[in-house]
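Engineer: Read off the chains here:
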Amino acid sequence: RKEVEQDPGPFNVPEGATVAFNCTYSNSASQSFFWYRQDCRKEPKLLMSVYSSGNEDGRFTAQLNRASQYISLLIRDSKLSDSATYLCVPFIRKGGSYIPTFGRGTSLIVHP
Amino acid sequence: DTGVSQDPRHKITKRGQNVTFRCDPISEHNRLYWYRQTLGQGPEFLTYFQNEAQLEKSRLLSDRFSAERPKGSFSTLEIQRTEQGDSAMYLCASSTDSVSGNTIYFGEGSWLTVV
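Order-wise, the sequence lines are chains A and B.
In this text, residue positions in the first sequence follow the numbering used here: the first is 20, and each later residue adds one.
In this text, residue positions in the second sequence follow the numbering used here: the first is 7, and each later residue adds one.
No wet-lab data here; the hints were simulated from the structure.
Hints are not guaranteed to be accurate.
Taking lysine-lysine and the BS3-like style, the derived pairs with C-alpha atoms no more than 27 Å apart in a straight line are [stated by the list, open to error]: (1) K113(A) <-> K21(A); (2) K61(A) <-> K20(B); (3) K113(A) <-> K63(B); (4) K17(B) <-> K64(A).
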């Protein structure tokens, strides 16, 4: 089983739609969780941190379920500019360190 | 620009040659990571430094790969005897070591093409 699993998509949605992405991670000892956004042939950029109580940043809402080892990202009122790949990133213990470990990403395409 | 800097941005090399990439992290970031990314995949962890100490290295990393961070500031990643399968984007990221400030910030990446 991969350490971080995401549905690669693509998710193809119209502008204004609400879309949700899920991510599961294999290591229950994981700490710190993030969502990153990556545009084609660019570096990943931080979208938001994920807190245990859930958190919201504008149109974006992130949730964490430690018991199920599951992270989610909800995007409301999708914009064309939201088209990108969304990467789930838990810090997973490797040896004596916690390492940011990436899923393969979920591709989102927002169309007019 | 005070972000993570990587050099060169693009490198084309012949199979069997050695290549070296450099990363300058954000000033005062003592954690530094190297990742490799191929099309359609997420960044794959290669190695991790805290200051000058290389604390973790992926078991997937062959002996042809070596990384250093001699003074705890910039880092280099060397690939010896390159193979076509090494073609990828090599990403460097840095962060502080505080629990509340462990967000990692990436450089723009170094694209390697092995022909």
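Engineer: Any hints from earlier that this structure breaks? Give me their numbers in increasing order, please.
Structural biologist: Every hint satisfied by this model.
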